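In order, the protein sequences belong to chains V and Y.
Just so you know, the first sequence maps onto residues 1 to 185 in my numbering.
Just so you know, the second sequence maps onto residues 1001 to 1405 in my numbering.
Source of the hints: derived by calculation from the structure; they are not laboratory data.
Quick caveat, the model's predicted, so the values are computed rather than measured.
A couple of the hints might just be wrong.
Each computed SDA-like pair below joins lysine to any residue, with the alpha-carbon atoms no more than 20 angstroms apart [unchecked claim]: (1) Y:K1295 - Y:E1380; (2) V:K164 - Y:K1008; (3) Y:K1314 - Y:A1347; (4) Y:K1320 - Y:I1294; (5) Y:K1008 - V:V156; (6) Y:K1008 - V:D153; (7) Y:K1008 - V:T28; (8) V:K164 - Y:A1047; (9) Y:K1195 - Y:K1251.
What follows is each chain in one-letter form.
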Amino acid sequence: MLQIRWHSRAGQGAVTGAKALADVMARTGKYVQAYSVYGAEKRGAPMTAYDKIDDKPILDHSKWMRPDYVLVIDPSLVFQEEIVNNTTDDTVFIVTTHMDKEDLLNVAKHLQGKKVYVIDAIKISQEEIGRAIPNTPMLGAFVKISGIIPFEDFLVSIKDILSKFPQKIIDGNLRAIKRAYEEVK
Amino acid sequence: MAQKYELKQREVWDGNLAAAHALRQAQVDVVAAYPITPSTPIVQNYAQFLADGYVDGEFVMVESEHSAMSACVGAAAAGGRVATATSSQGYALMVEVLYQASGMRLPIVMTVVNRALASPLNIHGDHSDLYLGRDAGWIHLIANNPQEAYDLTLCAFRIGEDERVRLPVTTNQDGFLVSHTAQVVEPLSDEEAYKFVGDYKPKYPMLDTKNPVTYGAQTEEEWHFEHKVNQHKALMESFPVIEEVFSEFEKLTGRKYNLVETYKLDDADIALVLMGSAFETAMLAVDKAREEGIKVGLLMPRVFRPFPYNEIAKKLKNVKAVAALDRSAPMGTTGALFNEVSAALMANGQSAIMTNYIYGLGGRDTTVEHILEVIKETNENKKANKRVTPLQGFINLRGPKLSFN
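Isolated chain V, as found in the complex (with noise of 0.2 angstroms):
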C-alpha cells in the first residue's frame, strides 16, 4: 500500500489534492482511501490530508500512517518538525519552498540526511492560476518523482476531474501541474 501526507494550511486545498489524485488512481483500479484530519477547521490553520492507494480494498480506518511520501504545499509548515514525525528514511518530501534544496536544509534541519525535492507551487500556481493554490502544481511534482501513473494518463484523469471548472480555471491548472513536473528537483 503506497501511503501519502498533505502537511497544508486549511483554504490551501490539500483535501481536494488528496481526492483528486485518490480519484485519479480510482480510475486506473486502484483501491484509495482520501480522507484529512480536522480540527476546528479555521482558514489559514495547519492540517494534514492523507491518500491511500492499494490493488485491494483499504480496510484500516485509523487516522494514523507511516507514509511513503510527505507533500508539504505551504512553505512554512516545512519548518515544522511534525512533518517528520512517522516517517521511515525512505519517505520522500516533496517540498513547496522559494529556496534551493541546500539553503532549505541549512534551516530546515530535521529534514536533513532525509531525500527531499523541492518545488515552488505557491508561484507557480500565483503565476498560471492566479492564486495561491498549490495542489495541482504539487500533484504534477508528485506524479513526476513517484513515476505512479504515466504523465499522459495523468493528464487525462485530471483534465476530466476539473471538467466542472471554467476553461480558464482549467487552463490554469494544467500549465501548473506541466510546469512543475518539469520543475521539481
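Assemble chain Y onto chain V, guided by the hints.
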C-alpha cells in the same frame, strides 16, 4: 421529471456523498433537514441535486432538528416517502420526535453520521448518538465504509416501507472516518436503484381525505401497552424482512449483507464484537494475530435494532472468550454492546469469558496495533480459562492505565 445523473461504474465518494446519492436515487418526496457537522454534506449535496434538477421532491428548510423530524413526521403521515440526515446534538434534539415517528409507524429513513455528544463539544465520530436512539423504536443499520453507507440507505427504504414492517430506519456511518473519507464506491444506475427501492406505497395517508385517519392519538391504561407491544412485535418480526431485502440486494449487486457479520469466526477460540469502521480496521488486526497463532475472529451486528441476539449467540457458540468494544461512554456501567452480547450468550446457556473495552470516543484514533493488544489480552483470558484481565478497559486513553472490575 428528474434528470438522470450519469454515474461511472466506480466513483470515489465519501460516505456523505454516497448517502446523498442514495437519497436522490430513491426519489424521496420530502426531505426536511437542519444541517449539522459531520452530516452537513448529505443535506448540502441533496439540496444541490434538487437545484440542478436531479430531484423532483420537496426540500424543506426548518429552524431546528426538532422541527426537521416533526416535518418528516407530517410529510410521512400525509403519505410521502420521507428522509432526513443528522448527527450528535441534532440527533439529541430530535429524540422526542423519533419516538413519535416510530409510534405512528412512519417509515422515515434517516442517514445518521455518528458523532460524540457534548459536553465537552466535539465534532468527531463515536456512537453516543446511535446509543441515544437505541430504544426509540427505529431499525438501526450500521455501515462501515462509503459503499455500505450507499447500499444500506437504499435497503433502508425497502425495509422500513415493507407492509410487514412499516417502521422508521436509520443508517449509521462513523463521523469523518466514513463520512469524510473518500473511497471507491460502485453505485447502481439511477434506474436500477429506483427499481430496487420501488414506488412508495402510502398506508393510511392523511391526504386521502375520503378516508380520514388520526395520527398521534392518546391512549391511556386501556390501550397504550398494546400499541407499544405491537410496535415492538413489528421490530422483533422484521428480521426475515431485513434478510429478504439483503438477499435481493445481493442478487442485484453481488454485495451480501447479513444480520450479523463475521470475520474468520468459524474456527476461532476468541472473538471481538464491535460495530462501525473499526470492524474493518480490526480485520487487519485479526490477520496479524493469526500470523502469531492466535485463533481470533470478529462479529458485528449489522442490525443494532432489532438486536439479533440468538443469531449472535449461535455464531459465538464455540469461542471461549469475547471482548465487546463499545464506542460510547458507558457512564456508570459496562457498555451496551457488552451487556447485550453477554445477555445473548447467557440466555442460550453459553459461558464465554466476557470483557468490555471502551474506545474511540470523540474520534480518538484506534489503530490495528491497539486492537491487536485487545486480542492478546482476550487470549490471556482464554488461556487461563478465567478472566485475568479487567472487566472494563479503555483503548488508547491518555494518562495512567484505567480499568474497572
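Q: Check each numbered hint from earlier against the structure, then list the numbers of those it violates in ascending order.
A: Structure breaks no hint.
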